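Here are the chains, one letter per residue:
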Amino acid sequence: MTTVDGRHELDREAERLAYKPPEIRHDKQGDMGSDERINKAMHNFVKNFNTQTASYLDGCLHCGMCADACHFHVRTDDPRYTPIWKIELFKRTYKRQVGPFAFFYRLLGLKRQVTIEDLEEWQHLLYDSCTVCGRCSLVCPMGIDIAGLVSMARHGMFKAGLVPHELHEVAKKAAETGSPLGITPDKFEDRADWMADEHDVEIPMDVDEADVLAVMSSIEIQKYPQSIAATAKILNAAGESWTFRTDGFEATNFGMLSGNPEWQKAASLKLIDAAVKIGAKTLVLPECGHAYMALRWMGANMYGKPLPFKVMHISEYLADALNTGKIKVKKVDKSITYHDPCQVSRRGGATQAARDVLNHLTGDFREMPLGGDYNWCCGGGGGVVTIKRADPLRHRVFKLKMDQVEQTEADELVSSCANCRQSFDDSQQHFGWDYTMGSLMEMVAENLEEDGS
Amino acid sequence: MDLLEFAKGPALQVAAYILVAGSIWRLIGILLLKEKPDYSEPRQSAGLLAALKVIYTRSFTAAPFKAATLYPKMLAYVMHIGLFATVFLFVPHIMFFEGFLGIEWPGLPNNIIYLLGVAAVVASFALLVRRLTSPVLKLISNFDDYFSWFVTVLPLITGLMIPVRMGLRYETILAIHILSVALLMIWLPFGKLGHTFLVFVTRGTTGMVFERRGAKT
Numbered sequence: 001m002t003t004v005d006g007r008h009e010l011d012r013e014a015e016r017l018a019y020k021p022p023e024i025r026h027d028k029q030g031d032m033g034s035d036e037r038i039n040k041a042m043h044n045f046v047k048n049f050n051t052q053t054a055s056y057l058d059g060c061l062h063c064g065m066c067a068d069a070c071h072f073h074v075r076t077d078d079p080r081y082t083p084i085w086k087i088e089l090f091k092r093t094y095k096r097q098v099g100p101f102a103f104f105y106r107l108l109g110l111k112r113q114v115t116i117e118d119l120e121e122w123q124h125l126l127y128d129s130c131t132v133c134g135r136c137s138l139v140c141p142m143g144i145d146i147a148g149l150v151s152m153a154r155h156g157m158f159k160a161g162l163v164p165h166e167l168h169e170v171a172k173k174a175a176e177t178g179s180p181l182g183i184t185p186d187k188f189e190d191r192a193d194w195m196a197d198e199h200d201v202e203i204p205m206d207v208d209e210a211d212v213l214a215v216m217s218s219i220e221i222q223k224y225p226q227s228i229a230a231t232a233k234i235l236n237a238a239g240e241s242w243t244f245r246t247d248g249f250e251a252t253n254f255g256m257l258s259g260n261p262e263w264q265k266a267a268s269l270k271l272i273d274a275a276v277k278i279g280a281k282t283l284v285l286p287e288c289g290h291a292y293m294a295l296r297w298m299g300a301n302m303y304g305k306p307l308p309f310k311v312m313h314i315s316e317y318l319a320d321a322l323n324t325g326k327i328k329v330k331k332v333d334k335s336i337t338y339h340d341p342c343q344v345s346r347r348g349g350a351t352q353a354a355r356d357v358l359n360h361l362t363g364d365f366r367e368m369p370l371g372g373d374y375n376w377c378c379g380g381g382g383g384v385v386t387i388k389r390a391d392p393l394r395h396r397v398f399k400l401k402m403d404q405v406e407q408t409e410a411d412e413l414v415s416s417c418a419n420c421r422q423s424f425d426d427s428q429q430h431f432g433w434d435y436t437m438g439s440l441m442e443m444v445a446e447n448l449e450e451d452g453s
Numbered sequence: 001m002d003l004l005e006f007a008k009g010p011a012l013q014v015a016a017y018i019l020v021a022g023s024i025w026r027l028i029g030i031l032l033l034k035e036k037p038d039y040s041e042p043r044q045s046a047g048l049l050a051a052l053k054v055i056y057t058r059s060f061t062a063a064p065f066k067a068a069t070l071y072p073k074m075l076a077y078v079m080h081i082g083l084f085a086t087v088f089l090f091v092p093h094i095m096f097f098e099g100f101l102g103i104e105w106p107g108l109p110n111n112i113i114y115l116l117g118v119a120a121v122v123a124s125f126a127l128l129v130r131r132l133t134s135p136v137l138k139l140i141s142n143f144d145d146y147f148s149w150f151v152t153v154l155p156l157i158t159g160l161m162i163p164v165r166m167g168l169r170y171e172t173i174l175a176i177h178i179l180s181v182a183l184l185m186i187w188l189p190f191g192k193l194g195h196t197f198l199v200f201v202t203r204g205t206t207g208m209v210f211e212r213r214g215a216k217t
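So the sequence lines, in the order shown, correspond to chains A and B. For what it's worth, this note's numbering labels the leading residue of the first sequence as 1, then goes sequentially. For what it's worth, this note's numbering labels the leading residue of the second sequence as 1, then goes sequentially.
Think of the hints as simulated: they come from the structure by calculation, not from any bench. Some hints here could point you the wrong way.
[Claimed, not checked] Straight-line distance between alpha carbons at most 25 Å, and here's what the computed BS3-like set of lysine-lysine pairs gives: (1) LYS36(B) - LYS270(A); (2) LYS34(B) - LYS40(A); (3) LYS216(B) - LYS8(B).
[As the list claims (entries may be wrong)] Listing some non-contacts, in silico: residues in chain B with all C-beta distances to chain A over 10 Å: (4) PHE6; (5) PRO64; (6) PHE65; (7) PRO109; (8) ASN111; (9) PHE143; (10) LEU160; (11) VAL199.
Remember, predicted model here, so these are calculated numbers, not experimental data. From the three backbone atoms N, C-alpha and C, an ideal C-beta is built for every residue, glycine too.
Chain A extracted, bound-state conformation (with noise of 0.2 Å):
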């Protein structure tokens, strides 16, 4: 007689030592000849070079120790996705014909062209099995930044029609209609006044000058709706004169993770040029890895001169209201964990943020092994958490994730990213794990303290 304990599902059909790849499709939009593909991938890739760039195709050394800092590779043994790998076939193309030595490799046929069979095959490698979290970039010896190599990877990959079709039609629908999950400007101000019946809280909307433009990522509107009202609930107790505007709300960028300049442009301007007619002083971020680094760190650079306006996420401008005293919070008599959204927190530089929120919620915080800076992704970043035929990859990937929280043995568990939330909800019904993924913000609006403004 056994007691089977209740955390894990039995399963014996689950893995044990062998692993078995996923099946893999090879999507292909539009109707280009292979040599048009080839072109257009090469091409795109390296019309943005610098020396910086440049300097990492040169500068690889091919010591492999980006594999173990892979959650992909750790959890597969699988060679192939060894992080600088996943760039061979535009290593190979630079080398072969805009490298310094370009001449010499063509001429002693050192690099082989690349071929339309390679480029399908590599579309599973910058895509299912990345989710440019960028640990990889923290153990390379010569501190090559694997993971933007990747996204530059992607441009290539987009421009010659070789994206997941999940992803491709997810940002499709986001540059036809302003959102990845077709939420149109009504819609997201229904969501928003029902928000304010349900939870007795103003939320204003479409005003014309304020000092905080508030917005939101679809995925928090469609999936987590009470998002929308932890959010007015903390910008009203900190008396900030705040709006949310159906102009400019949507806060993900999907051009950014398929890998298309222009659709990440346009998400971005939408939310620049709310900001600036609005006259707003600050542009506050939801609760979203790559939306950090899309309007943080990319969004000026898209708009071609500084921002007339500062850009924080959320768990920024929470550190920043509880530390200067514009919002108070009770203490929750549990012990809470933290998972690092890969964007804000290792790739981003704002690690201590949501540290600082957690110390004013808890005297209880428990850091995960390998916490903050050099935290496991949850395996659905970069767009990966969209495509379907990776679901077993990424659900293999979240073992990792399961012990590391586990061992923490918190109550709690919250994060700032409504990606990685949704991609924990995944995971959690998958192996029916009892850990729930909790959001910071919500947690913080949930404990306000009523005098605190």
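Following the hints, complete the assembly by docking chain B onto the known chain A.
Chain B alone, transformed into the frame defined by chain A:
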């Protein structure tokens, strides 16, 4: 002109020209690429200091990766330290450099140099075995990796043969050693050995970009 005269004279001279010209060509090809300004508001100031910081800090492995990379990292350290010591701290080499640089510096006792040289060769072979057996390295390695290994190890081995002689005339083995050095100098700018100077560019630029964000470097 005998072999030694050829090695010491034209061979070394041509190799030196190729080393310098090739390195400059490669660096210029990279450094002259157009830079776009970064308009994002920096979290903290970063510039040359940030570059220097990462050039230094990336010489060491961050704690979370230590266990996984300990073995190859140790071998790489032994190989690089051995290589540096044998090239620049071996007294006959210092005398050679003094011949055209006009300055000298203190060297290490010969026995220590031999020890470091042997350690470097052993480490290099261990690294080669790793490259030939690790599934990751087997996949990502190419001609450059093996040829660069060969031209780096050759001068170490031929140099260590000089005191042993192995039945060869001193002049002959010295000539072979110098020719192997010339081969290393000729190849250095072109393949992965370019990391000798590229490491400052890759680490430095990463330092400047990520320190500016206040992100982990």
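Structure-based check of all given hints:
no.: 1; hint: LYS36(B) - LYS270(A); in the structure: holds (22 Å)
no.: 2; hint: LYS34(B) - LYS40(A); in the structure: holds (21 Å)
no.: 3; hint: LYS216(B) - LYS8(B); in the structure: violated (48 Å)
no.: 4; hint: PHE6; in the structure: holds (25 Å)
no.: 5; hint: PRO64; in the structure: violated (4 Å)
no.: 6; hint: PHE65; in the structure: violated (5 Å)
no.: 7; hint: PRO109; in the structure: holds (31 Å)
no.: 8; hint: ASN111; in the structure: holds (31 Å)
no.: 9; hint: PHE143; in the structure: violated (6 Å)
no.: 10; hint: LEU160; in the structure: holds (25 Å)
no.: 11; hint: VAL199; in the structure: violated (6 Å)
In summary, the numbered hints that this structure violates are 3, 5, 6, 9, 11.
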